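Residue numbers (this note's numbering), protein chains in the order written: chain A, 1 to 100; chain B, 1 to 202.
FYI, nobody ran anything at the bench for these hints, they're computed from the structure.
Just so you know, not all the hints are guaranteed correct.
In silico BS3-like cross-links for lysine-lysine, where the CA-CA straight-line distance does not exceed 27 Å [to be verified]:
(1) A:Lys-14 x A:Lys-37
(2) B:Lys-196 x B:Lys-76
(3) B:Lys-78 x A:Lys-62
(4) A:Lys-68 x B:Lys-76
(5) B:Lys-142 x B:Lys-196
(6) A:Lys-68 x B:Lys-78
(7) A:Lys-63 x A:Lys-37
(8) A:Lys-61 x A:Lys-91
(9) A:Lys-37 x A:Lys-68
(10) A:Lys-61 x B:Lys-78
(11) A:Lys-61 x A:Lys-14
(12) B:Lys-142 x A:Lys-62
(13) A:Lys-91 x B:Lys-196
(14) A:Lys-63 x B:Lys-78
(15) B:Lys-78 x A:Lys-37
(16) B:Lys-76 x A:Lys-61
(17) B:Lys-196 x B:Lys-144
(18) B:Lys-196 x B:Lys-78
(19) A:Lys-61 x B:Lys-142
(20) B:Lys-76 x A:Lys-37
(21) A:Lys-68 x A:Lys-91
(22) A:Lys-68 x A:Lys-14
(23) A:Lys-37 x A:Lys-61
(24) B:Lys-76 x A:Lys-63
(25) B:Lys-11 x A:Lys-14
(26) A:Lys-37 x A:Lys-91
(27) B:Lys-11 x A:Lys-91
(28) B:Lys-144 x A:Lys-68
Chain B side only, calculated, beta carbon under 7 Å to chain A, not exhaustive [unchecked claim]:
(29) Leu-10
(30) Met-20
(31) Glu-23
(32) Gly-24
(33) Met-187
(34) Met-188
(35) Ile-189
Computed from a predicted structure; not experimentally measured.
Don't be surprised by glycine CBs; every beta carbon is placed ideally from N, CA and C.
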Amino acid sequence: MPELPELNPVVHGKLRLALLSLLVGVEEAEFTWLRSKTGATDGNLGAQLANLEEAGYVSVKKKFVQRKPQTLYRITEAGRAALAEYVQALKQMLGGAIGV
Amino acid sequence: MTVNVEEQELKDRLSLIETMIAEGRRTTESWGWTFVLWGVAYYVAIGWDILGHNPWAWVITMTIALLLMMTILWYKAKRQTEKSPLTRAGRSISAIWTATGISMMMLFPAMGFSARFSPQIFVAVASAMLGTTNAASGIILKWKAQISCAMVWWAASAVACLASVAQCTIVFLVAIFLCQIVFGSYMMIREACQRKQGASHA
Numbered sequence: 001m002p003e004l005p006e007l008n009p010v011v012h013g014k015l016r017l018a019l020l021s022l023l024v025g026v027e028e029a030e031f032t033w034l035r036s037k038t039g040a041t042d043g044n045l046g047a048q049l050a051n052l053e054e055a056g057y058v059s060v061k062k063k064f065v066q067r068k069p070q071t072l073y074r075i076t077e078a079g080r081a082a083l084a085e086y087v088q089a090l091k092q093m094l095g096g097a098i099g100v
Numbered sequence: 001m002t003v004n005v006e007e008q009e010l011k012d013r014l015s016l017i018e019t020m021i022a023e024g025r026r027t028t029e030s031w032g033w034t035f036v037l038w039g040v041a042y043y044v045a046i047g048w049d050i051l052g053h054n055p056w057a058w059v060i061t062m063t064i065a066l067l068l069m070m071t072i073l074w075y076k077a078k079r080q081t082e083k084s085p086l087t088r089a090g091r092s093i094s095a096i097w098t099a100t101g102i103s104m105m106m107l108f109p110a111m112g113f114s115a116r117f118s119p120q121i122f123v124a125v126a127s128a129m130l131g132t133t134n135a136a137s138g139i140i141l142k143w144k145a146q147i148s149c150a151m152v153w154w155a156a157s158a159v160a161c162l163a164s165v166a167q168c169t170i171v172f173l174v175a176i177f178l179c180q181i182v183f184g185s186y187m188m189i190r191e192a193c194q195r196k197q198g199a200s201h202a
C-alpha cells in the first residue's frame, strides 16, 4: 500500500489556506479586501498573513494612496507551489480514504 | 511534521479552496454600459456625418465619447469603497481593449485627414478590429455570446469589402445594433443579476 503524503502545516490552517486560495486567483490584494472575503478579525488576519510571509508564501508591499496607508499582499512562487502540492496531497489522501 | 485529519475535514479543505478561488475571481465591475455608450456614439457620428455632412463628426463624437467614458470610470472608481483586486484575465482583457481603442483613435482620424478614406475600407477595418477584440475577450472569458459578436463583426468586415456604400452603411448599423446595443444591454442585465446574487450571499 502506497504511503499517504504529509500535509504542509503552514498551508493547512483554515484561514491561511483561504488566504492562499484567494491570492492565487488575483495579482495582489489589499488587506481590507482579504478581511471582507474571509470575515476574519484584523488581529487574526494580520497574524496569519505574517505566518505566510515568514514561510515565504506571500510578499507584502506597503504604500500610501491619497495619504492613506495601503498594504498589498501577493502570493509568491513558493506559495503557489506549496498550495499546488497541498491540493495534490489532499486529493491523494482522499483517493486513499475512499479506496480509489 | 504530519497533520492527522479526518476524511470530512479533507473534503472541507478542498471545498474551501474551490470557494475561495471562485470568490477571488468574482468581479463586481460592470462594462456593459461602455458597449452601449460606444454603440450610441457610433450612431450619433454616422447620423451627423450623413445628415449634417460635417467632416469633423467622427472626431468630435469619438472624443466626447472617450471623455465621457473616462469621467464615468473615474467617478465609479472614486465612489467604490472597496477596490477589487485585478485578476490576470481582467488585465488581459483590459490590455486588449485599450490597445484596440488606441489603434482606432490613431488610425481613423489619420485616414480621414489623408483623404485616403473610403466608407467601405473604414467599415471593413473597424469591424475586423472589433471582431478580433471581441473574439479575444470571448475566448479568455469562455463566453459564447461575445464570440458570436465577433463573428457578426467579421461577417460585417467581409461584406463591407464587397458591398456598395449604402449597403455597407446598413451592415455597419446592424452590426453596431447587435454587438454594441443589444450585447451591451444583455451584459448590463447579467451584471445586475450577478451583483444581486452577490449581495444576497453576503
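Quick rundown of the hints versus the structure:
Taking the CA atoms of Lys-14 (chain A) and Lys-37 (chain A), the gap is near 13 Å; set against the 27 Å cutoff, the hint holds. Among the hinted pairs, Lys-196 (chain B) with Lys-76 (chain B) is consistent with the structure: their alpha-carbon atoms are about 18 Å apart, no more than 27 Å. Restraint check: the Cα-Cα separation between Lys-78 (chain B) and Lys-62 (chain A) comes to about 21 Å, which is no more than 27 Å; the hinted pair holds. For the suggested pair Lys-68 (chain A) and Lys-76 (chain B), the alpha carbons sit about 19 Å apart, so the restraint of at most 27 Å is met.
The suggested pairing of Lys-142 (chain B) with Lys-196 (chain B) holds, with an alpha-carbon distance near 22 Å, which does not exceed 27 Å. This hinted pair checks out: Lys-68 (chain A) and Lys-78 (chain B) have alpha carbons roughly 14 Å apart, not beyond 27 Å. Proposed proximity of Lys-63 (chain A) and Lys-37 (chain A) is supported: the alpha carbons are some 22 Å apart, at most 27 Å. Simply put, Lys-61 (chain A) and Lys-91 (chain A) have alpha-carbon atoms about 33 Å apart, too far for the 27 Å limit, and the pair is violated.
Using a Cα cut-off of 27 Å, the hinted pair Lys-37 (chain A) and Lys-68 (chain A) holds, with the two alpha carbons roughly 21 Å apart. Under the criterion of a C-alpha separation no larger than 27 Å, the hint pairing Lys-61 (chain A) with Lys-78 (chain B) is consistent with the structure, at around 22 Å. Only pairs whose Cα atoms come within 27 Å are accepted, and Lys-61 (chain A) paired with Lys-14 (chain A) is accepted, the gap being roughly 24 Å. The suggested pairing of Lys-142 (chain B) with Lys-62 (chain A) is violated, with an alpha-carbon distance near 35 Å, which exceeds 27 Å.
For the proposed pair Lys-91 (chain A) and Lys-196 (chain B), the alpha carbon gap of about 34 Å is over 27 Å, so the pair is violated. Between Lys-63 (chain A) and Lys-78 (chain B) the CA atoms are separated by roughly 18 Å; this keeps the pair inside 27 Å, and the hint holds. Restraint check for Lys-78 (chain B) and Lys-37 (chain A): satisfied, since their Cα atoms lie roughly 21 Å apart, inside the 27 Å limit. Taken as a hint, the Lys-76 (chain B) and Lys-61 (chain A) pair is honoured in the structure, with Cα atoms around 25 Å apart against an allowance of 27 Å.
With a C-alpha separation of about 23 Å, the suggested pair Lys-196 (chain B) and Lys-144 (chain B) falls inside the 27 Å cut-off, and the hint holds. Distance check on the hinted pair: Lys-196 (chain B) and Lys-78 (chain B) sit about 21 Å apart at the alpha-carbon level, within 27 Å; holds. Of the supplied pair hints, the one linking Lys-61 (chain A) and Lys-142 (chain B) is violated, its CA atoms being roughly 33 Å apart against a limit of 27 Å. Distance restraint check for Lys-76 (chain B) and Lys-37 (chain A): the Cα-Cα separation of roughly 21 Å lies within the 27 Å cut-off, and the hinted pair is therefore satisfied.
Among the hinted pairs, Lys-68 (chain A) with Lys-91 (chain A) is inconsistent with the structure: their alpha-carbon atoms are about 43 Å apart, more than 27 Å. Distance restraint check for Lys-68 (chain A) and Lys-14 (chain A): the Cα-Cα separation of roughly 30 Å exceeds the 27 Å cut-off, and the hinted pair is therefore not satisfied. With a CA separation close to 20 Å, the supplied pair Lys-37 (chain A) and Lys-61 (chain A) stays within the 27 Å bound. Note on Lys-76 (chain B) and Lys-63 (chain A): the hinted pairing holds, with a Cα-Cα distance of about 22 Å set against a maximum of 27 Å.
The suggested pairing of Lys-11 (chain B) with Lys-14 (chain A) holds, with an alpha-carbon distance near 12 Å, which does not exceed 27 Å. With a CA separation close to 25 Å, the supplied pair Lys-37 (chain A) and Lys-91 (chain A) stays within the 27 Å bound. Restraint check for Lys-11 (chain B) and Lys-91 (chain A): the C-alpha separation of about 9 Å stays at or below 27 Å, so the hint holds. Using a Cα cut-off of 27 Å, the hinted pair Lys-144 (chain B) and Lys-68 (chain A) is violated, with the two alpha carbons roughly 42 Å apart.
Using the Cβ-Cβ criterion of 7 Å, the hint placing Leu-10 (chain B) at the interface with chain A is satisfied: the shortest such distance is roughly 5 Å. Evaluation of the Met-20 (chain B) hint against chain A yields a held restraint, the C-beta minimum of about 4 Å falling below 7 Å. This hint holds: Glu-23 (chain B) has a C-beta 6 Å from the nearest C-beta of chain A, less than the 7 Å allowed. For Gly-24 (chain B), the interface hint holds, the least distance from its beta-carbon to any beta-carbon of chain A being 4 Å, beneath 7 Å.
For the restraint placing Met-187 (chain B) at the interface with chain A, the shortest Cβ-Cβ distance is roughly 22 Å, beyond the 7 Å limit, so the hint is violated. Checking Met-188 (chain B) against chain A by beta carbon gives a least distance of about 24 Å; that is not within 7 Å, so the hint is violated. Here the hint on Ile-189 (chain B) is broken, as its CB sits about 26 Å from the closest CB of chain A, past 7 Å.
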